[in-house]
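Number of protein chains: 2
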Amino acid sequence: MAKKYVYFFGGGEADGNAQMKETLGGKGAGLAEMTRADVPVPAGFTISTDVCEYYYDHDETYPDGLEQEVQRNLDRLESMMGKTLGDPKDPLLVSVRSGAAVSMPGMMDTVLNLGLNDEAVDGLAQKSGNERFAWDSYRRFINMFGDVVMGVKHEEFEKVLERMKKNKGVENDTDLDAADLKKLVTQYKKVYKENTGAEFPQDPKDQMWKTINAVFGSWNNPRAINYRKLNDIKGLKGTAVTVMSMVFGNFGEDSGTGVCFSRDPSTGEKVFYGEYLMNAQGEDVVAGIRTPMAIKTLSDRDPKIYKQLVEVKDKLERHYQDMQDMEFTIEQGKLYLLQTRNGKRTGVAAVKIAVDMVNEGLIDKEKAMDRVTPAQLDQVFHPMIDPKAAESAKSLTKGLNASPGAATGQVVFTADEAEQWVKDGKKVLLARKETSPEDIGGMHAAEGVLTSTGGMTSHAAVVARGMGTPCVVGAKGVVISGKTMMVGEKKFKQGDFVTIDGTTGNVYEGALPLMEPKISGELRAFLEWTDDVRNKARREGLEQVGFNIRTNADTPEDAQRAREFGAEGIGLCRTEHMFFEEDRIKIFRQMIVAENKEARQKALDKLMPLQKEDFAGIFKAMDGLPVTIRLLDPPLHEFVPAEKEAIKELAESVNVSVPKLKAKIDSLHEANPMLGHRGTRLGITYPEVYNMQVEAIMTAACEVAKQGVKVYPEIMIPLVGTVNELDVMRKDAEQVAERVLEEKKMTIEYMIGTMIEIPRAALTADEVAKRADFFSFGTNDLTQMTFGYSRDDIGSFLPQYLEDGILEDDPFAVLDQEGVGQLVKMGTEKGRQTNPKLKVGICGEHGGEPRSIEFCYRVGMNYVSCSPFRVPIARLAAAKAVAHDEK
Amino acid sequence: MAKKYVYFFGGGEADGNAQMKETLGGKGAGLAEMTRADVPVPAGFTISTDVCEYYYDHDETYPDGLEQEVQRNLDRLESMMGKTLGDPKDPLLVSVRSGAAVSMPGMMDTVLNLGLNDEAVDGLAQKSGNERFAWDSYRRFINMFGDVVMGVKHEEFEKVLERMKKNKGVENDTDLDAADLKKLVTQYKKVYKENTGAEFPQDPKDQMWKTINAVFGSWNNPRAINYRKLNDIKGLKGTAVTVMSMVFGNFGEDSGTGVCFSRDPSTGEKVFYGEYLMNAQGEDVVAGIRTPMAIKTLSDRDPKIYKQLVEVKDKLERHYQDMQDMEFTIEQGKLYLLQTRNGKRTGVAAVKIAVDMVNEGLIDKEKAMDRVTPAQLDQVFHPMIDPKAAESAKSLTKGLNASPGAATGQVVFTADEAEQWVKDGKKVLLARKETSPEDIGGMHAAEGVLTSTGGMTSHAAVVARGMGTPCVVGAKGVVISGKTMMVGEKKFKQGDFVTIDGTTGNVYEGALPLMEPKISGELRAFLEWTDDVRNKARREGLEQVGFNIRTNADTPEDAQRAREFGAEGIGLCRTEHMFFEEDRIKIFRQMIVAENKEARQKALDKLMPLQKEDFAGIFKAMDGLPVTIRLLDPPLHEFVPAEKEAIKELAESVNVSVPKLKAKIDSLHEANPMLGHRGTRLGITYPEVYNMQVEAIMTAACEVAKQGVKVYPEIMIPLVGTVNELDVMRKDAEQVAERVLEEKKMTIEYMIGTMIEIPRAALTADEVAKRADFFSFGTNDLTQMTFGYSRDDIGSFLPQYLEDGILEDDPFAVLDQEGVGQLVKMGTEKGRQTNPKLKVGICGEHGGEPRSIEFCYRVGMNYVSCSPFRVPIARLAAAKAVAHDEK
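Sequence order for the protein chains is Y and D.
All letters in the first sequence, in the order written, are residues 1 to 887 by this note's numbering.
All letters in the second sequence, in the order written, are residues 888 to 1774 by this note's numbering.
FYI, nobody ran anything at the bench for these hints, they're computed from the structure.
Glycine residues also receive a C-beta, built at the ideal position from the N, C-alpha and C atoms.
Don't take every hint at face value.
Said to hold, decoys possible - Examples of chain Y residues lying across from chain D (beta carbon under 10 angstroms, computed):
1. 671
2. 759
3. 784
4. 786
5. 788
6. 790
7. 801
8. 823
One chain only, chain Y, in its complex shape (with noise of 0.2 angstroms):
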């Protein structure tokens, strides 16, 4: 038996179904579906793709039979229908739509109102009663086919539509009547010849095949395929053609046309929500000329057909087990859905849905959390712009969205300023070129931040996303002197209003409205479900067991913030932060600067009580949970003061001259810092700062544990590139951490690894496992080196490389698996082999990233960590991987 190529829809029956996306394409699959489920559509036909396989492998030929077999489906549809293509008394019109399995919107091509001709015309006139509507839709196909099909360019039939507008002397295409429609014709018929050369086609079947062919031949357009190749959609054998009958919903006071969601796709409420437009097409709710109305006041204009809708939406919901986007048409009284597919909807709608539908028994817990993304859930916790302002609103420029959530506030430009203003009473946006450390307190009071360099990993990036400050970096657009700022062409000056929007990248001048997030109810039971999932790695006793979502803190305030949001432990707690504050920088820089070891140790003995005390509260707030605390990391020079005064100050505070001061603080100066003197290097040369650290977490965790806090301290040393470096620095830290266990007459498990940063660690992981308990993968630097990317400086180039498809992510923002993963794999199997017991996880920004977690998961870690504004969306990326692992 031949193969199928052609499944007929219509009268209740179906050739598909809905489970035959594959071949017929989403929409094709759509319409069989809601055929045999009786929801009355339009009939029509769908080839499938199949045929478009074929097209392509068999040098853009068809199989044999396959023009009998689409001319036997036409018969059918004829006759079901009583209307013949191109008949002159009453034709029959046909759209022909493409359709692949994934939606790919705008890529391919569609064609309305095909079998019209110079006789079918007045045949539709005469049908419809209207001659004006007849024309237009003449007119209109010209243009679409001869665009579409032929590829002559949409201006060309505009240009002579302008025209005639012109010479009448109206604005709009309505105030043209039949006549003038008639010449536009003529006139149309004319710019498809001319660009053509050939006659526009009278045969309706010869303009099907002309357009059958025109819509396969777009599945491998350029745009096309760089769509498929941007979004990574593979493994498709084509696109479908669907032909269907034409419904119209302008023919009239009893026809009509509209769209409507099974449920409010804003908030996720149970309601019937949708607008629709009378006597209008499709393309008029779209043009916006005439206000839709809502759908509930259909009930009254015309109570059968919204009783017929509404048991139609509740017929479709029930069957696809989800809310639904539908299309629909009334053509004189009788109701036709289009489409229907799974409505697109917001982070608060996704998961109000989502648990009601649990709660209403539709779908259980596990499909639940399917029907929520990570990019959905990260909207749930952060103020948006009010959906109908930034409808309107325009962006004066767009830099990457480095911290989610928008803000709105008065520009500042120093980070003192923002302090100031906030205890005025102001609201403030902090615009900068750069962060630096310096400028923590100004980001913390602010609202938002901007800045116009840097990238997804820059300070204010990194930052901003731990404090859950809504942030736009890298905004090339932007230019800061002074007091003033420009933003593309507009001028701000300080105090001025300025709206960014963290989770696009847009930036906005004034204040527009925002709507501040709100945790509910639902969206706590919906997180529950996701752990139910995700702990599953653990029961079902995977050798590797259980997968935690931790969190990088750096105070008991985050701290206990990400523990609200569900995090099991602390991943990163950096201890620079912790120096910076007003009463520390001074005494830290005096430690830096000193001329020896003796000024050094003097120095870092008053800030050893300092940092016992941050450690004790970070701690306390993760009582019965493990917190990695990483020893010192940035170069030193970050700390020292660049401002004159400061400069004197401390240069009178450790008694040398300015310019000795000035000398020292310029030797800190490095040519690459990132690569420089940090990280453990600092652990080797200046080993009192370690170990001071080190005296300070176990001295803290002796303290609370007599106060009846549980804690499991993970001692992390930094950048280190060689198992001689762990070894001599954990050699010190158990020297150190057994003194003040014997001091303090206590027992406290505790574990010293290493983060796994340099691509060396990662390569001779094997070795260093012998000297860690545990690795934590630090990919922003290791996704630095392996890329060789230094992240404050790829704004010159990073743009284009996305643009151009060379990379087809931020790899800053989503784990390269080809490369750095690669390297994480390696680290994470070599490390295992010399040490099974290895806990391994990641702490790099990737760990709140979904496909990143996905990664994680697949290579075996034990946890992710990520800031605490992020703890929920890695639960529920978590949860999914483990799910689709189990798969």
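We have chain Y; now place chain D onto it with these hints.
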């Protein structure tokens, strides 16, 4: 039969031989072999390294029967010598010496004069007729035994000796008479008792066993363990212990002692060389109190002994087929050889001796190759400080030995001054904090370069090596300010004479006398033999054909010189240096600051013909050999001016305001330029720059080809991290190349490849290789990124890392096989998986380093490329790699 542990030698017979180094140690095997060869050697026996191994495997005990076996050998020794240990009339005295298979100078212990006690000392006095000698020997024995065997500090004995001399008012030990020494013995025994709690042992066998224990114990003292670790000495069983009868050169005027060489170790000439002292001990020669006589004079003084010595040295040289370094003692008119070993020698001597010995039929060519180390060969090509002057000169400070050879000149502190002073006929030494591309003219003019910062691959180091200019970098003891420089405590003004030794890193005051290098006929012959061996890789049909030596050269002059040194192509021609010449830098700067593509193109059009001429010159110099040209690599800010005047001039030439130009220049600043906008990233964002370079390359190739030159251009895209970058750049380059060839109507074979210097490129080499004809490992950058070390900033921690043994070598000098090497291996293997014809080489600084060259050969590379002056070293090292591989 029980295992044999003790090996006797004496009376023309020996249980061991030269092949038994593993078992008897180098010294024991040498003594056995000499004995068998009828060379007069004091009799004795060697306890094998198996005993040492047993000792450590069995809790520091000895195998059963060892004591008896030692006793039997001691009996045999006593009977052969006709003396008995401890005999109060005529005691046998012995030395106990350590000696492993590999020489570990000064690491383990030796005891002389063993067998003396309160009675035997009288016997010795009587028999020698020299009471002072006897008591002095006893005193020395107590000191040595106390120190070496019992751990009494040497100072304890020294204090007593000093007190005695002070009391007597004399300066030298020799001013003490027998009575004094007798008193000293009493006092020494007291010191011994005070420090050990026991009497000094009087039983000679007790003395002997205690000493044997101590020697075996010294194998695992921390000093020895560390020495073996640092020198990568592995797999040895332990040390052997040789007990040997003492002979004395201080028995009178018919006794003496000396050291001699079978050829001149300084020049390699075949003359008998050495010195001796009559009536003296080895210590006296070393102490330098009396001036030794030239060995020739012995022929007048004692023709019989001299003749015997000449016969012995001829015999030993023939026997060992190498130049011998021998210790001898004449005791009362009788000659004894105490040691013979292959003599250390200068580079010049090593080559001459190897070639002479081949010509004399003593060794074959392959063996000759083993007789010269790459380090020795390196010496030959560079001036060195006259060894006699070097002995007495005191180094003021020591930096990194960045480019070998010694240089002396008047110090200047700017490149411009260097050039000016040289024009005025002076010889200068350029001292800078660090150098930059603008300093190249001055570096070229200078005799040598000294910098206070930077590492082995800093700009100064790389450029100086390329030029063959001696260079010391990273000399932390040097502080330059204005027109003066402090070196340690010593101040230098501009114009003061300074000498540097780039081979050792030392810096000296004043103008030390230098010895200029001389390229001899022997050297040429020697290098050709190495090529014969290296070319076996090709001839014997290994899968990976050939192993070539290329050079890194940027000018026709360098290319020519490298070719004379034996380079078989250019592995790296950097194009950026070409832009620094006076006439070009201005145009290049105009290109950099161009406001738009047109202005940039205009500047490039001016540069194209200049670049073309550069390439034409290089192609001609390399007629018939491949030339790899790397497209522009460094970040653009390296080229822009920093001085006010130059900025003004540039602003005028491109017709923009100075502030605007400054802003543009500022915008090029990067936080981490090494990880910034450079290499292929420039090619992607400014394709017109690379296109210009490719056009220049291909046009030059066509032009010289028309003149009959055989040209093989290889275009190299730098800093590739993803195959997509290479893909885009390759397409551009091919387009330009094909256009040029078409215009010129020529066919020229060319290749397009990439540097592998980003870790990610190595990790994804299978993908990258699909678009590359060749890989060239840029191991400088690869090392930077794999370790996360900025080569410009490692000065702050690398010295300590090396000292503490955290790193065994500077990874910029010696390829880190364990870490970076993994990437090199992986890159090579993965690359050939998808592109079996892939040509692979290395062009980092490691391409001239012997151990790294061997590694490159092992992983299957086709060539190594190094600076011209290192080509001969690379030829030798590569030949050794091939020979080693064949074994």
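Quiz item: Which earlier hints turn out false for this structure, listed by number in ascending order?
Solution: The structure breaks none of the hints.
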